[in-house]
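Chains A and B, in that order, give the protein sequences. Quick note: the first sequence uses the working numbering, first residue 1, plus one each step. Quick note: the second sequence uses the working numbering, first residue 455, plus one each step.
Keep in mind the hints are simulated off the structure, nothing from the lab. Beta carbons: idealized from backbone N, C-alpha and C, even for Gly. A portion of the hints provided could be inaccurate.
[Unchecked claim] Think about it this way: if two alpha-carbon atoms lie no more than 16 angstroms apart in a straight line, the pair counts; the simulated EDC-like pairs of lysine to aspartate or glutamate are:
1) LYS447/A with ASP639/B
2) LYS357/A with ASP284/A
3) LYS368/A with ASP380/A
4) LYS669/B with GLU630/B
5) LYS24/A with ASP835/B
6) LYS22/A with ASP835/B
7) LYS669/B with ASP722/B
8) LYS430/A with ASP380/A
9) LYS650/B with GLU630/B
[Unchecked claim] Which bits of chain A does chain B cover? Going by a derived footprint, with three or more residues having C-beta under 8 angstroms, they are:
10) 27-35
11) 392-400
12) 431-444
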Amino acid sequence: MKSKFHKIFILSAGIIAFASCKPKLTLPTASKGRMDPSRYVAVGNSITSGFADGALYYNGQLVSYPNLLAGQFRLIGGVNFNQPLMPSSSVGVGSTGNAPFILGNSTDCLGVTSLGPIPAAASGDLSALATNIFASQGPFNNMGVPGAKAITVLAPGYGNPANGTGFYNPFFARMASASTASILSDALLINPTFFTLFIGNNDVLVYAMNGGAADSITPPTGMAGVGFDGSINAIVNALTANGAKGVIGNIPDITALPFFTTIPWNGLTLRQGQADTLNSVWQDFSTGKPLYNFHADSNAFLIADPTVPFLGQRQIKKGEFILLNTPLDSIKCYKMGTLKPIPNLHVLDSAEIAKVKTAIIAYNNIIKSVALAKGLALVDVNAFMNKTNKGIVYNGIAMNTKFVTGGAFSLDGIHLNPIGNAMLANEFIKSINATFGSTIPQVDATKYRGAVFP
Amino acid sequence: MNLNITKLIPFAILSLPILLHAQGFQVNLQGQAQQAMAGAGTGFILDGSAVFFNPGGVSFLTENSISAGATATIGNTTFLDADNNSLAHTVSPVSTPFTAYAVYGAKDGPLKKLKFGMGVYTPFGSVVTWQPGWTGRFALTSMKLLSIFYQPTLSYKICDKLGVGAGLVIGTGNLELKQDLPVVDANGNYGTADLKGSATGYGYNLGLFYRPCSKFSVGLDYRSQINMSVSDGSAIFTVPSALTSNFPSGPFSSSVSLPSVITLGLADSICSRLVLALDVNYIGWNCYDTLKFNYKTTTSTLQDTRLPRDYKNTFAFRLGAQYHLTDKVVARAGISVELTPVPDGFVTPELPDANRVNYTIGLGYKFCSRLLVDASYTFEDFSRTDKNTALVLNGTYKTYLSAAGLSLTYKF
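Extracted from the complex, chain A is given alone in its bound form:
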């Protein structure tokens, strides 16, 4: 009897020990399928470079979507992915020499203190742009260059300071192999076996960010360096010349970016007395009637519109955008939007929006046909943007395209924050897996932050 108990005791102890083990689940094997990640190059613009919060800086570059992709490619035999990193001690620098934004408190002209984007420093790190790092750090796998367009990827001397201010790209000057190099020629230095190409946003975005008052939309058709289709074809032909496979991203509807959607068109809140004053100021002098119907509560801002006869101004309509770079103090304290129209530079009106959307549709048709013709994986960034606009959830984290609070875009309202980059990288991975039969695991996006709050 005693020995029977003894056996039962040992059996029980064994079972308990087994049950207190961690249950095992087998990781699926990561495989590369028909793609070869051994020499990966990323060609693109600021989004590809890791630019965020209005600047290029070290921590932003570390979470660029190509760098996150390269991290996953390491699971299937990918190796080194060299980025033109800014010094880790540098605050970073934006396209106007500015420092990146951080969230902080600032006091406006009314003396009201509130939380919003403020510069991390008085000035960006211009010295970092003044030094070419190719000899010490190149060649680079990440050929994302802030400001690059489809039509400029092929431009020789795009990074040559000798061209003079405004005629070269200082971000490319910092990393170019030679004064005559183009982004594309430097990408080919890698002799890529695989590439990501996400270019064309700026071909329409620069125009839109200037309220249609500066720059121009790249025409969908035209030769390389002039039109979108000629340029994309030339880039893809060069990248695939040695048999490299690749993935191409299409252009999202940029008018859904927080840069355009954050300031409400009808954000002009008036008391009745203020409305009466405005109505008495803005009169049709021939009839003596008010030009605009200002009223208590929320009103449409007054914007400049040169197409309006005589007046050159009107109230903004629903669906038109006041840009995030509009000086808010001018609105709050200096009568912009009420007694003075918001300048054209800060407004994207319906005619301009139509031009932007038409161009994006044309670009995306071109991208789709190139992807089809060349057997590239296609990332429908546009569809992903539309989905995000309605709201997405990742492992319990809800995100949308709202400024700061949406959790996916950085403080410039254009570029992604770290978790946004991880979500974009995952879209690339899904598309690569579907096209090339690979089983690359997605990035764990929960490891990457959204906005940083003080």
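Could you slot chain B onto chain A? The hints should help.
Leaving out everything else, chain B in the frame of chain A:
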């Protein structure tokens, strides 16, 4: 015109988890002998735990008794994220649900058909702690749940073959839930939500026990739905200082409905030494439709939480056997099948429930006619792959659950 970011923040607390242990409520850690027989005990009256299993059968107990027992329970779950291949383990501590039963009645005289019973038991309880930094931490980092139910009971033997019983159930409970919030400060610290509260609720337990002959018996038991209400909850949010006004810590209220359980139980003596018992539970999980948290102070950021759970009524089948090895030693074993109430798309990390098959064994030993000891061991191994619709958490959970318990009974 104001661009104050904090006024715009619409972060929803998306994912505060459920309060109870799904079928875990039905794990039946309410008596060692019954645990050893896969939880069957409604048609087979063994001891004072009949207070829980079937108050109608309490009147059939020939002796007065008091008993006490505890079960060391450890659950380990591993999660494999189907999208990003990240693996996570729970690091849950051992929990020890306990039971105590007393049965008393006059052995002869006019009141000999009446028995008084008292049960104290822990009908649901769970401790789940996920490893730090796991991919689902914005849904749940840990949950602790303890409940103690008190059940004063009266049982009356209508005739030699039929007994009825009724118990009033007074439920008390404590819970604590923690999750990370997707807001981060300059040092990289994420916000956290910590919800604590105690709950109370009332219900009843009705039983009917029929023994037409000495070989065979049948029992029918109905445990009512119990609405556990949390009135004094305390929500503590730790967030970056710029967001403290968006996430005001303070009281919350909530309530959770624990399901009704109808059980039909049979027991049959195959021979003098062997008894087989079968319980079939029908569990009214439809009551668990939505989980609500009402915060005393809400903001545009912190809205009352409404989480769809959408549980479905379900069955459990429990088959147990008891064999007298000697006069003093009985061996028991059982197997149960518990069907999950959690529909596809609703599996959550605090209880990654699945259809379960449980295996149980146990021993009873009679030191003397008055003192008995019973031991049991239960093992479950189940896994489920699901994509939670609300969390978009997609992957496979695999769980080992192990429960070893011991009880002492003194008869008088």
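Hints, verified against the model:
1. LYS447/A with ASP639/B: holds (14 angstroms)
2. LYS357/A with ASP284/A: violated (35 angstroms)
3. LYS368/A with ASP380/A: Holds. LYS368/A to ASP380/A sits at ~9 angstroms (cutoff 16 angstroms).
4. LYS669/B with GLU630/B: violated (47 angstroms)
5. LYS24/A with ASP835/B: At roughly 11 angstroms apart (the allowed maximum being 16 angstroms), ASP835/B and LYS24/A satisfy the hint.
6. LYS22/A with ASP835/B: holds (11 angstroms)
7. LYS669/B with ASP722/B: holds (6 angstroms)
8. LYS430/A with ASP380/A: Cα-Cα ~11 angstroms, so holds.
9. LYS650/B with GLU630/B: Distance of about 4 angstroms is within 16 angstroms: holds.
10. 27-35: holds (count 3)
11. 392-400: holds (count 7)
12. 431-444: That given contact holds, which follows from 4 residues of the segment 431-444 of chain A lying within Cβ reach (below 8 angstroms) of chain B.
Of the numbered hints listed earlier, those contradicted by the structure are 2 and 4.
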